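A.B. asks: Read off the chains here:
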Amino acid sequence: MIDCKITGMGWLTAPAGKYSVISKYRQVSTCQLEITIDYKDLTSHPSEGKYLSMAPLRILSFDIECAGRKGIFPEAEHDPVIQIANVVSKAGDSVPFVRNVFTVKSCAPIVGSEIFSYEDEGEMLRKWKDFIVQVDPDVIIGYNIANFDLPYLLNRAVALGVKDFPYFSRLKSSKQEIKDSVFSSRAYGTRENKVVNIEGRMQLDLLQFIQREYKLRSYTLNAVSSHFLGEQKEDVHHSIITVLQNGDSQTRRRLAVYCLKDAYLPLRLAEKLMCLVNYTEMARVTGVPFSFLLSRGQQIKVISQLFRKCLDLNIVIPNLKSEGVNEEYEGATVIEPKRGYYDVPIATLDFASLYPSIMMAHNLCYTTLLNKQTIERLHLEKDKDYTLTPTGECFVKPELRKGILPTILAELLSARKQAKKDLKAETDPFKKQVLNGRQLALKISANSVYGFTGATIGKLPCLAISSSVTSFGRQMIEKTKQTVLEKYSIKNGFPFDSEVIYGDTDSVMVKFGYDNIETCMKLGEEAAAFVSTKFQNPIKLEFEKVYFPYLLINKKRYAGLFWTNPKKFDKMDTKGIETVRRDNCRLVQNVITKVLELILEDRDVTGAEEFVKKTIADLLQNRVDLSQLVITKALSRQDYAGKQAHVELAERMRKRDAGSAPTLGDRVAYVIIKTAGDKNYEKSEDPLFVLENSLPIDTKYYLENQLANPLIRIFEPILGERRAKELLNGSHTRTVTVAAAKTGGLMKFARKANTCKNCKATIKQGETLCKNCKSQSGELYGRELAKMNSLEVKFSKLWTECQRCQGSLHQEVLCSNKDCPIFYMRKKCQKDVVKQAEELKKWDATTW
Amino acid sequence: MITDSMFRNVSVQPENYSRKDDFSLPDSKRTYTHQFNTIYTQRVKQLKSRIFKMATAKWKDETINDIKTTYVSKILDVKNLTPCYIIGTVFADYKYKTNVLKEVSTNMYGVPESASSLKAKKDAQEEIKDIDVLRSSAYSDPSSDKLMIEDESGRILLDGELLDSTVLVTGVMVGLLGMEVEPGVFTIVDIVYPEAGEQVERTIEEKQNDKVLFLSGLKFTYGENVDNVSVAQLLKEYLMGELSFSDEDIKLLKSITNIIILGNSTDVSLASSTNVKEKDKYREQNKSVFDADSMRQFDEFLSQLLKTIPVTILPGDSDPAETSLPKQPLHKSLFMKSSQFTNFQRASNPCWLDIDESRLLCTSGENIDDIYKYMVPNLAVELGDSTELESSIQNEVLYKSRLKLLEGTMKWQHILPTAPDTLWCYPFENDDPFALKETPHVYAVGNQPKFETSCLKLDRKNGEEVAVRIIAVPEFCKTHEGVLLDMESLECSVMKIGL
Ligand code: SF4
Ligand SMILES: [Zn+2]
Ligand SMILES: [Zn+2]
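Chains R and W supply the protein sequences, listed in that same order.
Be aware that the first sequence starts at 8, since it is given in my numbering, and climbs by one per residue.
Be aware that the second sequence starts at 1094, since it is given in my numbering, and climbs by one per residue.
For the record, the hints were derived by calculation from the structure and aren't laboratory data.
Keep in mind it's a predicted model, so treat the numbers as computed, not measured.
Warning: the hint list may mix true and false statements.
Unchecked claim - Below are the EDC-like pairs computed for lysine to aspartate or glutamate, each with C-alpha atoms no more than 20 Å apart in a straight line: (1) W:1122 <-> R:846; (2) W:1497 <-> W:1254; (3) W:1425 <-> R:851; (4) R:650 <-> R:689; (5) W:1195 <-> R:604; (6) R:582 <-> R:551; (7) W:1329 <-> W:1574; (8) W:1167 <-> R:121; (9) W:1425 <-> R:786; (10) W:1497 <-> W:1584; (11) W:1497 <-> W:1545; (12) R:842 <-> W:1415; (13) W:1589 <-> W:1330; (14) R:563 <-> R:513; (15) R:268 <-> W:1243; (16) W:1188 <-> W:1475; (17) R:77 <-> R:664; (18) W:1188 <-> R:238; (19) W:1167 <-> R:255; (20) R:222 <-> R:590; (21) R:601 <-> W:1196; (22) R:849 <-> W:1415.
Bound-form chain R, shown alone:
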């Protein structure tokens, strides 16, 4: 590819006369046209002008349903595939042009979709394969298809002995097979993946894509669609799937509707997240094939570019064996943060593409690195002929020899500038997406070059370069700080001494002292321009934004309102604050979000404190909804070693009822309850079990292990240590009413006496209030009513919402989506409303 300058997702021309068409019956593929041509005759077009457009790719999204056995996650050896839903669309179109479902056994029709039913599962698989070959998609997408759906289908076909199944690529003779691949990368960590070869069709697993590109609390399709599309999605547990399948054509239709939804969602997600467009541009920019983008790390992209450049320059790259030396070099500095809550605007000065600019400014490259001998041999002079970096390495000046990396970088950055310019001028929304994808791809590529030189287990590490880059970076940040401090000072006639409160890799945060945003923006611009003059081209300091107010918690942990124009803030920006951590319950996320809103948007610290106290009081008195307290973790094989809350729980649930217990691959939801033991892993319990048996929540755990740290972190810089701690143990925490376990040993002996509803004085059976409280009857009755009403409304709203969510008024709601906030709430509410109805009934008989 490199030799012919062919890039991934680029356009090619096969010049007329240079190729010959292969006749239909001799074709080895199922393509419309098959040709032979000498690869040297191909012309590759750079992605510009009309070659910028995207091919009208045909995208197939599919989802399968399996009928599992009770209590076991479906296994291809035993459990049949019963439905496959497919949605096919052309890239850029908003509506799919094919929607269908393949089912085993009959299925009632669905408006707008075709149904293909077969009595035999093998027959269905075979017909599905035929369908794929016929519809001939260029891209196959889905959710977790790489690790679940595709391997399952293939394995299932083996189990059923459908020998002609695994041939749905574009090469007739190529058999689809499953290989395990381990993917490990510094940026993305290690992942084990299954890979299925489907020649001629690209695969894009949305799950993998989203895991790579976004950090989320949960990656279930439910959670993801609620995050990106703002929709909850009905979830049918795999144990119910079998029941529906064994019903009649109506229940199977129900399943099919559900399966279609699951097939359509990835397509909508892909469109929303523009993954195809962005990855296409990335492939074009870096030259690598599309499939590498998901399956390989950053390095391959840099290597591809390096090879391409070297080809231009006629340089040969040594094929070094990676030695895995683990040398450490000093990373970027951060200016020690002055922690606190800033109620004045904080200007942020950023170096634009810092590391790439450093490499360009100082001509840092493999090909420009000098050693002592060379310098002496060629009588090179410091500063005139070469640069001595702060780490003591020497690089020759660009006048003598221009490095390859700087050249690549310069090209990337100028291409990015161009793309951004075109983007501004472009009006067509689809082309706009493409251009935006391109400029992003260029930016990411430019930044990854530095990482490539520093990747010690990489293909071509050169620590001389990477450590020089970071050392220059450190120097510059320090220098910027000095310059700003010196210039904006009382000494120089300004009303305030400016302060640099924080700085990380490529930015410096300055407090000028003014409380007016506009002034700070002006000063920021000015300072950026001024400091830029002190550095070598193309290094440039830019002023981008002001934070106001700004809460600096620690290194890489802050929150603030983000302003780019003085009239209205753009958004709230937070970093390193627990809103997305996976093992947090929803309560933490909600409390933190609300607190930050109060502090930053409303600038109401007292209000935030009040809110926290109120929440803690509610928590300790069991008024927080259970769904807020649920923690979920996936049950995976590795987990069996250590004693973990969710693993222990799964074990206990299995003993209770093997049928409904979570199995390998399932996500376990649990809450922490009060028990005799004190190990947290013993205290986990199934939320539904907790609701049914009214088990007491360990509210202390939630306060101390979930809420305490993030809250302290936020409030300490504002209130100081003492007052921040008070939030957690002030008087509002002392109204605890201990809910005792109902099944406790002592309970059996306590006789239940009838007590006054108001003051708890003992009264005669059949009465509701004691003599003293009788006079307040009306109010007390009103209070019970109010409670009843809020529960009735909640109950109705929740269950109607589910009715709406599942898209039918007449069908029973089956959903068990544990990620949906409604799921536990509706169960809890049902229980509460029954109880309260009984409370209220007691008043019916009484008169006052």
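Please arrange chain W with the ligands on chain R, whose structure you already have, making use of the hints.
C.D. replies: Positioned in the frame of chain R, the structure of chain W with the ligands alone reads:
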């Protein structure tokens, strides 16, 4: 002056009648174990066959584009470009319907957010009109509203000009004639409703011009709104003959045999949680909104009336009663004084009454108020300069009259179609009590913005008709009006208390 009940006419009111307990909740334990789909299933059971009767009667020989129409029993089986008629339940997918998912995911306790567009207006110090307040909780956005019809088999989207002149909301069951033109969209040309339930025979004999007085929305409150109380006092004095001097007046007053108060007699929700005690700040979540003083005052007011006139009282949304429908009678002990009288009747809401051999079906208005929200664009929707809406029915409801909504509930033979979708009701298991099994002679709805009335004729399958007197009873505290219904002619007139 009338001081003695002897002088007043007395109506015929049987102790027991067939529909008396139609809206009582089960006496045994309430379980809440049933999902709401059971109500819809019951609705289908009670109404589908009645719609089918009317549909076949009307359409069995109908043709569209020269093709004979046929009945398709499952919505799923509707074939493209084939004229047919179908029967199902309407579902309105409207943008501004209450969305609990949004509420709970942005909010920790699921407390509904207050109407935000109204707040925006307030912040901008714009003038807030009555209609703004009404629109602030409305569901519709004409540009994105979708109406569908569904049965157990599936759903299909509705289209057709007819929709612009027809009131249709979630939960209504209808029969539709039309054809699927675009895939998944059913274009309708005609509509039928269930056959009207039978009407009890009324033997008209001399009724001496007996009259029933409907009141609603007295809204007794203590404190700020003492006005409400003083107007009500005036009303009482008038009714007791204390202000009347002409013979004609006296004659009229003597003819009033019953007072029916259609809810919202008190306004206890006004005294909401503002008076939270500092020390309880972290304790109680559900504040009592009960105001004993206004209750006492109202009791006093009632007991005065009861000396000479029987009074029936329905619980409304602002009374100390459960929110869910059917609302059960107000607690006896709230009326220490009035409860002593035997002519005091605490009824459910909705309720059936039997007076002078006429069947009266009453609600306190929440059913109509909720339907109204489907017909009116939300405040967040810009109405544009010409404030005219495209749909003629929306226009009429928004600017002129609510009668069509009241008439709708009679045509649909269902007085609470939007429950449980947007109105809250008990999850019934074996019945949908709100589907009419009998057509009333009089249908009165309380707490409406103005007095309106009509005489609606409903079809029965053999060409018979039944007539219902429909009355929108205005909110008293705003209009100072009540409605007098003549029990002989079933004509009605306004009674206004002038200040
Ligand atoms: S719990 Fe209800 S609202 Fe949530 S996903 Fe399931 S059906 Fe939808
Ligand atoms: Zn699936
Ligand atoms: Zn007491």
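A.B. asks: Does each hint hold? Answer for all of them.
C.D. replies: How the hints compare with the structure:
A hinted pair counts as satisfied when its Cα atoms are at most 20 Å apart, and residue 1122 (chain W) with residue 846 (chain R) qualifies at roughly 11 Å. Taking the CA atoms of residue 1497 (chain W) and residue 1254 (chain W), the gap is near 18 Å; set against the 20 Å cutoff, the hint holds. A threshold of 20 Å between alpha carbons decides the hint, and for residue 1425 (chain W) with residue 851 (chain R) the separation of about 8 Å falls inside it, so the pair holds. Distance restraint check for residue 650 (chain R) and residue 689 (chain R): the Cα-Cα separation of roughly 9 Å lies within the 20 Å cut-off, and the hinted pair is therefore satisfied.
Distance check on the hinted pair: residue 1195 (chain W) and residue 604 (chain R) sit about 18 Å apart at the alpha-carbon level, within 20 Å; holds. A distance of roughly 17 Å separates the Cα atoms of residue 582 (chain R) and residue 551 (chain R); the hinted pair therefore holds under the 20 Å criterion. For the suggested pair residue 1329 (chain W) and residue 1574 (chain W), the alpha carbons sit about 13 Å apart, so the restraint of at most 20 Å is met. With a C-alpha separation of about 17 Å, the suggested pair residue 1167 (chain W) and residue 121 (chain R) falls inside the 20 Å cut-off, and the hint holds.
With a C-alpha separation of about 14 Å, the suggested pair residue 1425 (chain W) and residue 786 (chain R) falls inside the 20 Å cut-off, and the hint holds. A C-alpha spacing of about 19 Å is found between residue 1497 (chain W) and residue 1584 (chain W), which places the hinted pair at or below 20 Å, so the restraint holds. For a cut-off of 20 Å, the pair hint linking residue 1497 (chain W) to residue 1545 (chain W) stands: about 11 Å separates their Cα positions. This hinted pair checks out: residue 842 (chain R) and residue 1415 (chain W) have alpha carbons roughly 15 Å apart, not beyond 20 Å.
Of the pairs offered as hints, the one joining residue 1589 (chain W) and residue 1330 (chain W) holds, with about 13 Å between alpha carbons and a cut-off of 20 Å not exceeded. The suggested pairing of residue 563 (chain R) with residue 513 (chain R) holds, with an alpha-carbon distance near 13 Å, which does not exceed 20 Å. Of the supplied pair hints, the one linking residue 268 (chain R) and residue 1243 (chain W) holds, its CA atoms being roughly 19 Å apart against a limit of 20 Å. For the hint pairing residue 1188 (chain W) with residue 1475 (chain W), the CA-to-CA distance comes to about 14 Å; that is within 20 Å, so the pair holds.
With a CA separation close to 10 Å, the supplied pair residue 77 (chain R) and residue 664 (chain R) stays within the 20 Å bound. The straight-line distance between the Cα atoms of residue 1188 (chain W) and residue 238 (chain R) is roughly 14 Å, inside the 20 Å bound, and the hint therefore holds. Between residue 1167 (chain W) and residue 255 (chain R) the alpha-carbon distance is near 16 Å, which keeps this suggested pair within the 20 Å criterion. Restraint check: the Cα-Cα separation between residue 222 (chain R) and residue 590 (chain R) comes to about 13 Å, which is no more than 20 Å; the hinted pair holds.
In summary, the hint linking residue 601 (chain R) to residue 1196 (chain W) is supported, as the alpha carbons are separated by about 14 Å, within the 20 Å threshold. Our distance criterion of 20 Å between C-alpha atoms is met by residue 849 (chain R) and residue 1415 (chain W), whose separation comes to about 15 Å.
The structure meets every hint from the earlier list without exception.
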